[in-house]
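Visitor: For the protein sequence lines, the chains are F and U, in the order given. With my numbering applied, the first sequence has no gaps in its numbers, which climb one by one up to 222 at the end. With my numbering applied, the second sequence has no gaps in its numbers, which climb one by one up to 193 at the end.
These are computed hints drawn from the structure, not numbers from a lab. It cannot be assumed that every hint is accurate.
[What the hints assert, rightly or not] Ranges between beta-carbon positions, derived for each pair:
id	chain 1	residue 1	chain 2	residue 2	range
1	F	R142	U	P113	19 to 29 Å
2	U	R63	F	A38	57 to 67 Å
3	F	F64	U	T175	37 to 47 Å
4	U	P29	F	L211	39 to 49 Å
5	F	R147	U	N141	32 to 42 Å
6	F	L162	U	R91	17 to 27 Å
Quick caveat, the model's predicted, so the values are computed rather than measured. In this text, a Cβ means the ideal position worked out from N, Cα and C, and glycines have one as well.
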Amino acid sequence: MRRLHPFTLLALAVALPALAWILPAPWGAAGTLTLAAALLLTPGASPGITTAKTAALSAAPFWFFLYLLHGVGGMVPTGLRLSTMIASFVWLVAILPPARLVEAMVAAGWPVSVAFLFSATLQAVPALHERAQRLVDAQRCRGLATRGGPLVRLRALRALALPLVLSALHEVDERALALETRGLVAGARRTPLAPPADHRAEQALRWLLALSCAALFVWRIA
Amino acid sequence: MSVRLLALIPVAVAINLALSATVDAVGLPLFLDTTGTILTTALAGPVVGILTGALTSAVNSLRNPTFWPFVAIQIIVALYAWLAASRGWFRSLRTAVPAGLLLGVIASVTSTPISYFVFGCSTTGGIALTTKLGQLLGLSNLGACFFGSFLSDFGDKAVTFALVTTILHALPRRTAARFPLALRAIGRAAASP
Chain F
1 MRRLHPFTLL ALAVALPALA WILPAPWGAA GTLTLAAALL LTPGASPGIT
51 TAKTAALSAA PFWFFLYLLH GVGGMVPTGL RLSTMIASFV WLVAILPPAR
101 LVEAMVAAGW PVSVAFLFSA TLQAVPALHE RAQRLVDAQR CRGLATRGGP
151 LVRLRALRAL ALPLVLSALH EVDERALALE TRGLVAGARR TPLAPPADHR
201 AEQALRWLLA LSCAALFVWR IA
Chain U
1 MSVRLLALIP VAVAINLALS ATVDAVGLPL FLDTTGTILT TALAGPVVGI
51 LTGALTSAVN SLRNPTFWPF VAIQIIVALY AWLAASRGWF RSLRTAVPAG
101 LLLGVIASVT STPISYFVFG CSTTGGIALT TKLGQLLGLS NLGACFFGSF
151 LSDFGDKAVT FALVTTILHA LPRRTAARFP LALRAIGRAA ASP
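Make the full structure from the sequences, and use the hints.
Guide: Rendered as C-alpha cells:
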C-alpha cells in the first residue's frame, strides 16, 4: 500500500468521504467507514494501531456533540460520514510523507512554485508555532499578565501576536533572496530525485474512483 | 507571481495556524485563523490572499480534516479583506473594528450552511454548546446553528481586523515600502497602478 503512487493514495482518501456523503445514510456511510477502518487496520497498509487510535480520538468529540444536538437518530448518519472523513485523512497523513507528494507533483509536471508552496508551508508552520510558544514564555518571564479581564487579555494578545507576525514578515525578504539564489523563477522546471512510479493500473483506478463518484452523485440527485 | 510573494504565502499560512498558540496563552474564545489571509490580501492583493486561505485550509486539513469544507470561508474573507483594503478600512481601529464585525456577520452567514449540512453544527465544542443554547432558547436547528456560528465569528473577526490594522501600522517603513498596497490599505498613499 505504501508503494502506491501518492495521487492514488490521495484519490482513495478523497473518494471515501465523497462516497460517504453521496451514498444513502446510514448504510452507505457505514460501508465507507468500514473501508476506511480497513485501510487503517490492514497490516502493512497503515503505520499501525496508533493511527487508528488517533482517528478514533479525533472522531469521538463529534459523536458526543452530535448526540447532544440531535439525539441518536441525527447522530448516526452524520457521525458515520464525519468518521469516514477523519479516518481517511488520518490514514493519508500517516502513510504519505509530504516530501513524496511533492516529488510526485514535480514529476507530473506541476509548476515548481506550487510544489514549493506546499512543502515550504509544511516546514514553516511548526517553526512559527514553536516561536510563538517561545514568545509566550519570554513575555511571561517579563511579567506579561495573560489572565484577567477581557481587556487585559486583549492587551496580552497584542503583545504576543505583534512580535510574532512582524518577525515572520521580516523573514520574507531573506526567504525570497534564498529562492532567487536557487533559481526559483516563473516557469522553472525541476527534475525529481526519486519520482514515484505511476503504473497504468493505478491511473485507471483513479479514473474509476472519480467516475464512480460522479455517476453515483448524478444517480442520487436524479 | 514574484518570488517575494511566493515567499510570503507560506509565512502567512504559518501565521494563520501559529496564532492559536497565543490565543491559547490568553484563554480568549477566538480563532484568529484568518489573520494571515487578511494581512496578505492587504499587503499583496486578493490572489495572494485567496492562495493563502486555500493553502491554510489544505494544510490544516492534514491535522484536522474537518477544516477542509470551510475553504470557501477563507476565500470569502480574502475577497472581503480586498474590499476593506481598497476602501482604506485599515486606516484606524475606528474603521477596522466595524469592518471586522461586518465580516463576522458575513462569515457566520456563509459558514452556517456548511456547519449545518456537513457537520450537524458539531464543528467545535464552543459552537456545539452555543448551538445547544440556541436550541434551548427555542430556535430551529438551522437558526440555532447560525446563532452558534455568529457568536464565535462576530468577535473573532473584529479582533482579527483590529490585529491586522495594528500590524500594518507597526510595519517598518522599509518592509511596508516593498508592499505598496499596504500603504493604500492604511490610507497613507495610493498604490501605483
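Visitor: Hint by hint, say whether it matches the structure.
Guide: Outcome of the hint check:
R142 of chain F and P113 of chain U have their C-beta atoms about 45 Å apart, which leaves the hinted 19 to 29 Å range violated. For the pair R63 of chain U and A38 of chain F, the beta carbons lie near 23 Å from each other, so the given range of 57 to 67 Å is not met. In this structure the hint that F64 of chain F and T175 of chain U lie 37 to 47 Å apart at CB holds, the actual value being about 46 Å. Range check, P29 of chain U to L211 of chain F: about 44 Å between beta-carbon atoms, so the 39 to 49 Å window is met.
Checked against the hint of 32 to 42 Å, the pair R147 of chain F and N141 of chain U passes, with Cβ atoms roughly 36 Å apart. The hint said 17 to 27 Å for the Cβ distance between L162 of chain F and R91 of chain U, and at roughly 18 Å that hint holds.
Comparing the model with each numbered hint stated earlier shows that hints 1 and 2 do not hold.
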